[in-house]
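J.: Each chain is listed here by its residues.
Protein chains: 2
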Amino acid sequence: MNDNIILLSHDEQQLRLSRVRGLMKQAGLDAVLIADFANLYYLTGRVYAGYAYIGGRDGEQMYFVKRMENLQGDGVVGIRKPEQMAESILIDASAVIGIELDLMNYNMVKRLQGIFPEAQIKDCTSVMRAARAVKTDAELQMLRRSGVLHEDVYRRIPGLYREGMTDIELEIEIERALRLEGNLGQFRISGDTMETYMGSLITGDNADEPSPYDFAMGGAGLNPSLPTGACGELIRPGSAVMVDLCGNFTGYMTDMTRTFSLGSLEKLAMDAHQCSIDIIERLVTLGKPGTPASELYNAAMEMAKERGLHTYFMGHRQHAGFIGHGVGIEINELPVIAPRSRDILQLHNVIALEPKFVIPHVGAVGIESTFVVQDFGLECITNAPTEIISLT
Amino acid sequence: MNDNIILLSHDEQQLRLSRVRGLMKQAGLDAVLIADFANLYYLTGRVYAGYAYIGGRDGEQMYFVKRMENLQGDGVVGIRKPEQMAESILIDASAVIGIELDLMNYNMVKRLQGIFPEAQIKDCTSVMRAARAVKTDAELQMLRRSGVLHEDVYRRIPGLYREGMTDIELEIEIERALRLEGNLGQFRISGDTMETYMGSLITGDNADEPSPYDFAMGGAGLNPSLPTGACGELIRPGSAVMVDLCGNFTGYMTDMTRTFSLGSLEKLAMDAHQCSIDIIERLVTLGKPGTPASELYNAAMEMAKERGLHTYFMGHRQHAGFIGHGVGIEINELPVIAPRSRDILQLHNVIALEPKFVIPHVGAVGIESTFVVQDFGLECITNAPTEIISLT
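Order-wise, the sequence lines are chains S and L. Counting in the numbering used here, the first sequence runs without a single skipped number right up to 393 at its last residue. Counting in the numbering used here, the second sequence runs without a single skipped number right up to 393 at its last residue.
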C-alpha cells in the first residue's frame, strides 16, 4: 500500500480543493472539518480514520490521521484523539467552521465544537455534496471504467440462469460474476435511510412488496432485518426479472438496471418497458446544463400518463417520489430528479435515470442507466442492451 | 410480507421492552425515541423507516412509520414527517427523553428536540446497547442457527480452493457458498468507524497492511476506497489464509475466523496458532457471569507474552487494542474485551473472541469463535475445526 495520504495527482487534488473552497466562500465558511469516509475519499483519494481540515486559502489544508499513523505527506498529522487537532489548527476565535452536521452523530459534533469553543459552527454537508455533484475528468474516467465492467457482466446474465432457479440463486451467480470482474461489492450510501447488500433482483409479486428504504423499487428481502430485494421466490414463466446490482469497480459506482424475462411477458408489461426506454430517449435530449431536474421528472411522468401507465409508474402499491439521482462515490448524490427538486443540471453531473414500472404478478420492468450531463445532452456510460432479454 | 409491525411473539417483545424500561429507569429516562435500524429491529423484529417511542410504563409504546404505511398493529401510527409525532405523544413538559445521540446525525437530533421543546434530551445509546448485550432465548436461537450454517460453509472451504487462486478469488467462492446457504450478506456495524463488504480474507504480507477501520486485522483491500481485507494477492505455498467472513444468516451474526494454509507453515506460525487455540481454551473456563472483560484480555496477553509471541499478537505493524467484542444484530456490541474495558460479563452475553497473530511474510494465524456466556463458562456456537487445515 502507498503510504502517502494523498493518492490523487497534485493537479487533481488542487482542482477538488478549489471547487470546495469556492463553495465554502459562497456558504460563508472560513474552514471545514471533514470526517465522512466518502468525503475524505473525495479529498485525498483514500479512506482513512481521521479528519481533513480545509481552510479558505490555498495551501491551508491538514490531514489528521487516527490510525495508520505511518501515513505521510504534506500537512499530515497523527492524532490519538480529536482534541489534539487544536494544537495544529490556528484560526480566528470568531471563525465560521463547517462540520458535516447532516452526517456526523450529535455527540461527535458536540465534541468537535468543544475544540473550537469560540468558533461559529455551521453545516457543510451541502458544500461537500455540491462539490462532488460535478465530476472532474479523473472522476469521469473512474465512472466510465465502472460502466464498461458493469455492462460486461450484465451481458452475461442470461448465461448464468439455470432452470428452476429462485431470484436469490440467480442474484448470487451475478454477484459472483461482478466480483470476479473486480467489483468491490460495497454499495456506498450517504446517510441512514437505506441499506442493501449488493443491490436488488426482483421478480413477480415481490416487486410489489413495499420497502422501508428510499430505493426506487421494493422487495421483501430474505429477512425482516434487511427488507429489500430478492425474497427466495421461484422465477416463473411469464414473469419479469429486474436486475439492479452494484457497479462499484473503482470506488465510483455506476447504477444500471436491466429487465430479463422467463418466456414472454403480457402486453401491459411489454408496453411499460417500451415506455421506460422511450422516456430515457426523451430525457437524453432534454437533459443539458441548465435544465431543471424537475423538468426531467415531469417529462417522464407525463409520458407515463399519456400511455395510461401512471398507476404502475415508480411502483404500484407504493410509489417512489423520484425517477433519478446523482451517482459517484455514493449512490445518492446530487442532483435529485424529483418533482420538487430545485437542482439544475450542470455540466458533468453524473445521474442515474430509472423510469420503472411495477406490473402486478409480472414484476418490475424498465431500465436504468447512468449518464454524464454534456452540452449536447446526456451521454450514457452503461450501454448494456435495453430490450427485455429472455433468460432461456 | 407480514403487514403487522411487530414480528416478535408477544412474550418476546414484552421481555425486551421490560429490559429496556429497567435500564431507562436506571438512566433516569422517562421515555426513549428510537430511530436506529438495529434498535428498531431489536424492538419489533423488523427494520422500518420511522421511530419507536417507549414510555416508562407498561403499554406506553408507539411505532411511527414513515414508509410502508400499510403496516398494522397496536400503537402503529403513519407519519410523513417526524413533527407529526407530537400529536400522538403526550408527555410532561419537563420529561427526560432519550435519543440515540451517539448514532443519530446532529441535524436530526435538533429536529427531534424541536418537537419536544420543553423536554430534557439525554443520550439513550448506551441504554439500548446494554439491553441488547444480554440476549434472550429467542435471540440465542437465532445466533445458534447462524453458527450452524456458518460452520457448515467453513468446513467446505478446502473444497472451494483451486490451484493458482488469488485471495479475492477464493473469497468470492466462499461468499457464494455462504449466500447459497442463506447468508444475508449484510455485515451490520454500529456507528461509522468501520466498513466492509462481507468480511475479510487475508494471506501473506497483506495481513500486515494496516487498515483505518477498527477491525482486529487489516489488509489493503482491492481499492483505497475500501482499505480492508483481500488485495488480489496470489495464495503462495507456505502462507496462511485467514478467513473471517460474515455469519449473518438470521439478522443475528456469528463471528468466526479459521486459518488455512497452502502446504506447511513455518514453526513460528504454527506455534502462534496453537497459542491462539490455547488462549481460547483458557478463556472458555475463565469467562463466567461476573468476570471483568479486562481479565479475559489480560489473560490472553499474558499467554502471548509467556510464549514470546506478543510482538505478533493482534497485529505486527499495527496492533488492535482488543481481543473480543459482543456480537448479535451488529458486529460491535457490548461487552468489549479490552484492557481498559469496564464491562463485566453477564449471563447470556454473546461474545466473539479473536486472539490472532500476524507473522511477517506468512500471514495471519489464530482462530475466532462466538460464545454464549453461561454459568459454567463460555459455550462455543461456531464449532468448525480449529486446527490449520491445508487447502490442498
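Derived from the structure by calculation, the hints contain no laboratory data. A few of these clues could be false.
Repeated chains share a single entry, so a pair holds when one copy, or any two copies, can fit it.
In silico DSS-like cross-links for lysine-lysine, where the CA-CA straight-line distance does not exceed 27 Å [claimed, not checked]:
no.: 1; residue 1: LYS306; residue 2: LYS26
no.: 2; residue 1: LYS82; residue 2: LYS111
no.: 3; residue 1: LYS289; residue 2: LYS67
no.: 4; residue 1: LYS289; residue 2: LYS123
no.: 5; residue 1: LYS111; residue 2: LYS289
no.: 6; residue 1: LYS123; residue 2: LYS268
no.: 7; residue 1: LYS26; residue 2: LYS268
no.: 8; residue 1: LYS111; residue 2: LYS306
no.: 9; residue 1: LYS268; residue 2: LYS306
no.: 10; residue 1: LYS67; residue 2: LYS268
J.: One pair to classify: LYS111 and LYS306, alpha carbons no more than 27 Å apart. Within, between, both, or neither?
T.: This pair counts as neither: shortest intra-copy Cα distance 49 Å, inter-copy 40 Å.
J.: At 27 Å max between alpha carbons, let me know whether LYS111 reaches LYS289 within a copy, between copies, both or neither.
T.: Answer is neither: 42 Å inside a copy and 37 Å across each miss the 27 Å cutoff.
J.: Check LYS306 against LYS26 for me: Cα-Cα at most 27 Å, and say if that holds within a copy, between copies, both or neither.
T.: Result: close neither inside a copy nor across copies, 43 Å intra and 55 Å inter.
J.: Go through the copies and call it for LYS289 and LYS123: within, between, both or neither, with a Cα cutoff of 27 Å.
T.: neither (32 Å within a copy, 48 Å between copies)
J.: Between the shortest in-copy and the shortest cross-copy C-alpha distance, which are at most 27 Å for LYS289 and LYS67: within, between, both, or neither?
T.: So LYS289 and LYS67 fail the 27 Å test inside a copy (43 Å) and across (34 Å) alike.
J.: Reference check for the pair LYS268 and LYS306, CA-CA at most 27 Å: within, between, both, or neither?
T.: Within. Shortest intra-copy distance 17 Å satisfies the 27 Å Cα cut-off; inter-copy 73 Å does not.
J.: Quick one: LYS26 to LYS268, C-alpha cut-off 27 Å, is that within a copy, between copies, both, or neither?
T.: neither (55 Å within a copy, 61 Å between copies)
J.: At 27 Å max between alpha carbons, let me know whether LYS67 reaches LYS268 within a copy, between copies, both or neither.
T.: The answer is neither: 59 Å in one copy and 34 Å across copies each exceed 27 Å.
J.: Treating 27 Å as the Cα threshold, decide for LYS82 and LYS111: within, between, both or neither.
T.: Both. Shortest intra-copy (14 Å) and inter-copy (25 Å) distances satisfy the 27 Å Cα cut-off.
J.: Can you tell me if LYS123 and LYS268 fall within 27 Å by alpha carbon in one copy, between copies, both or neither?
T.: neither (54 Å within a copy, 57 Å between copies)
Going down the numbered hints, you'll see the structure goes against 1, 3, 4, 5, 6, 7, 8 and 10, while the others check out.
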